[in-house]
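S.K.: Given the sequences, and given the hints that come with them, work out the whole structure.
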Amino acid sequence: MPLFEMEATSAGRVRVFLRAQLPFVLGTLVILVVAFIARPDRLLTPATVTAYAVIAAASVSALVVPWERIARGWMIAVAVADIVAVALLRAELMTFVPAVTVLALFPVLWLAYGFPWYGMAVGIVGSVFIIAYRFVHSGAWPASAAEWANIFAFPALIVGIAILVFVAARHLRRNARRLAEAFRAQDEALREAKDAEAIALGILNTVNAGVAFYDQEGRLDVANALAHRMVEMVGFRLDEPPYAGDDVLAEDRVSRIPYDQQIIPRALRGETIDNHVEWLGPAGAQVAILASSGRVHSEDGRLLGTVIVAYDVTELADAVEVREQFLRTVSHELRTPITSITGFLDLLADAADPSDEKLQRYIEIVSRKTDDLFHRVGDLLNATDTVKELTIAPVDIAAIVRHAVDEVRGAASARGMRVEVAGPPAITAEGDERQLLVGVTELLTNAIKFGDADSVVAVTTRANEEGVEIAVSNRGVGLDHAEQRRAFDRFYRTADARARQIQGFGLGLTNLRAIVVAHGGSVQVDSAPGRGATFTVCLPWHPKR
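Numbering (our numbering), first residue to last: 4 to 548.
These are calculated hints, taken from the structure and not from any lab test. Here a beta-carbon is modelled for each residue, glycine too, at the ideal position from N, C-alpha and C. Treat the hints with care, since some could be wrong.
Claimed, not checked - Quick list of the computed label-pair ranges, beta carbon to beta carbon:
| no. | residue 1 | residue 2 | range |
| --- | --- | --- | --- |
| 1 | Leu204 | Val237 | 55 to 61 Å |
| 2 | Ala74 | Ala228 | 34 to 40 Å |
| 3 | Ala196 | Gln264 | 32 to 38 Å |
| 4 | Gly419 | Arg371 | 16 to 22 Å |
| 5 | Leu204 | Asn278 | 23 to 29 Å |
| 6 | Thr339 | Ala288 | 23 to 29 Å |
| 7 | Tyr121 | Thr98 | 30 to 36 Å |
| 8 | Asp190 | Leu160 | 40 to 46 Å |
| 9 | Glu235 | Pro261 | 16 to 22 Å |
| 10 | Gly533 | Val299 | 40 to 46 Å |
| 11 | Asp277 | Pro340 | 55 to 61 Å |
M.R.: The following block contains the structure:
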């Protein structure tokens with residue numbers, strides 16, 4: 004706030020009194036002390052006594068009258084009263100205390116600085132009044148040009164000072180308004196930022212995920228309560244390096260993850276993490292998390308920081324483990340009696356009369372169905388083997404494809420279908436020959452099962468810079484978008500498969516994907532309802548060992 008500008012409060016009125024009127028009163032007291040030393044007889048004249056009364060009334064009014072409620076502009080009357088008092092004192096004391104004229108600066112500066120343009124006008128008129136009143140009071144006017152020049156010099160000086168102060172006051176008020184506006188804008192922005200932070204924290208604490216954001220320097224900016232609880236289980240803090248702990252295990256719940264390979268250190272190094280599974284906490288109290296991370300950039304590409312999101316998937320992981328245990332148990336429990344049935348069927352076939360064609364046919368049907376059941380149990384066992392153990396060696400992909408085609412040719416012929424193979428006669432890459440044969444056979448079997456009868460299944464192999472592609476296409480009902488998304492899920496069977504009562508557990512494509520992923524490859528689906536489907540297996544030249 005400018006020096007003499009008053010706030011619309013009683014405290015503001017007191018501040019104006021202390022800054023404007025009180026200095027004038029103190030200055031007057033100094034002049035009176037000097038006058039008392041020089042001419043004490045002149046301190047009690049009617050003019051000086053009147054000046055004392057005017058100063059006292061003006062001071063009390065400045066301090067007591069609630070100008071802020073009346074109209075702050077009316078406080079100019081206090082400055083005018085001070086001018087009158089200065090004129091009275093100067094008329095009596097000018098001869099032996101010339102410094103009395105300096106008292107005029109106090110009210111004039113206040114008028115020029117603390118009021119609009121009319122304050123400066125009153126100050127100029129007041130300075131002229133101060134000079135002129137002495138001549139009226141004494142009845143003696145200047146007798147020479149030099150005396151007149153001295154008379155006008157002071158008002159001119161007062162006017163110059165008043166103009167400078169007025170201009171400075173306007174400039175200061177303008178800057179003060181700008182600063183006030185900037186402060187209000189900054190305060191509003193800060194309030195909005197705090198509100199936004201509160202909203203963001205509210206959202207973060209509501210979502211069922213641990214979320215942490217680190218700035219571009221790797222310092223924690225914000226994290227919700229769930230994220231703090233997750234890392235507390237491991238024994239470290241989100242805001243203190245090394246951002247890693249001892250009780251962090253890999254997906255197998257056995258392998259301990261080194262500090263530099265845990266989620267936060269990897270994310271802060273700039274790695275993009277996508278659905279990474281870790282187990283946190285000591286044995287017996289572990290939780291599984293599914294974590295992802297990514298860098299956050301501004302619109303102009305400037306790095307803002309790194310966000311890390313982790314979900315507690317312990318219940319899901321436990322459910323998956325229960326399912327795996329169930330599949331393994333059922334598979335083993337079924338395989339034992341099937342093996343016994345197969346053995347006794349062999350004994351029964353040996354003991355049966357070869358001439359009894361009906362009995363032989365029955366035995367053949369039972370044996371065939373037993374083999375089918377044995378293969379189904381094998382599929383269940385393969386479904387539990389999500390992590391494939393590979394024996395990597397140079398293999399001929401084209402030869403594997405031809406071998407797989409020979410395996411399914413009988414099933415294709417039974418439906419009147421042909422399998423056509425196109426591609427180079429030999430493509431050498433690295434992989435597990437046995438597993439790749441199983442995967443390609445599963446893919447061809449799937450194409451035959453779901454293709455139209457009396458149609459063609461096309462198998463194409465080709466090589467590119469990244470690796471080898473095996474594409475298998477059929478003509479049939481095809482898959483819609485939702486079915487394509489779930490095609491590789493365990494036990495998933497399409498509505499068409501159920502309607503047509505196509506045999507199978509829905510595990511073939513699941514096993515295929517596990518084999519391909521183990522080789523570091525991928526499987527893509529291109530299909531639409533009514534036009535069949537194309538499954539493309541992409542294998543790298545050299546799988547990671």
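S.K.: Hints first: check each against the structure and report whether it holds.
M.R.: Structure-based check of each hint:
Separated by about 23 Å at the C-beta atoms, Leu204 and Val237 break the suggested range of 55 to 61 Å. For Ala74 and Ala228, the Cβ-Cβ distance of about 56 Å falls outside the hinted range of 34 to 40 Å, so the restraint is violated. Our hint of 32 to 38 Å for Ala196 and Gln264 holds, since their Cβ atoms are close to 36 Å apart. Taking 16 to 22 Å as the suggested C-beta distance range, the pair Gly419 and Arg371 conforms, at roughly 21 Å.
A hinted range of 23 to 29 Å holds for the C-beta pair Leu204 and Asn278, which are about 25 Å apart. For the pair Thr339 and Ala288, the supplied restraint of 23 to 29 Å is violated, since their beta-carbon distance comes to about 37 Å. Distance hint check: the CB atoms of Tyr121 and Thr98 are about 34 Å apart, consistent with the given range 30 to 36 Å. A beta carbon spacing of about 43 Å between Asp190 and Leu160 agrees with the range 40 to 46 Å that was offered as a hint.
A beta carbon spacing of about 20 Å between Glu235 and Pro261 agrees with the range 16 to 22 Å that was offered as a hint. The supplied range of 40 to 46 Å is met by Gly533 and Val299, whose beta-carbon atoms lie about 43 Å from each other. Under the hint 55 to 61 Å, the C-beta atoms of Asp277 and Pro340, about 44 Å apart, miss the expected range.
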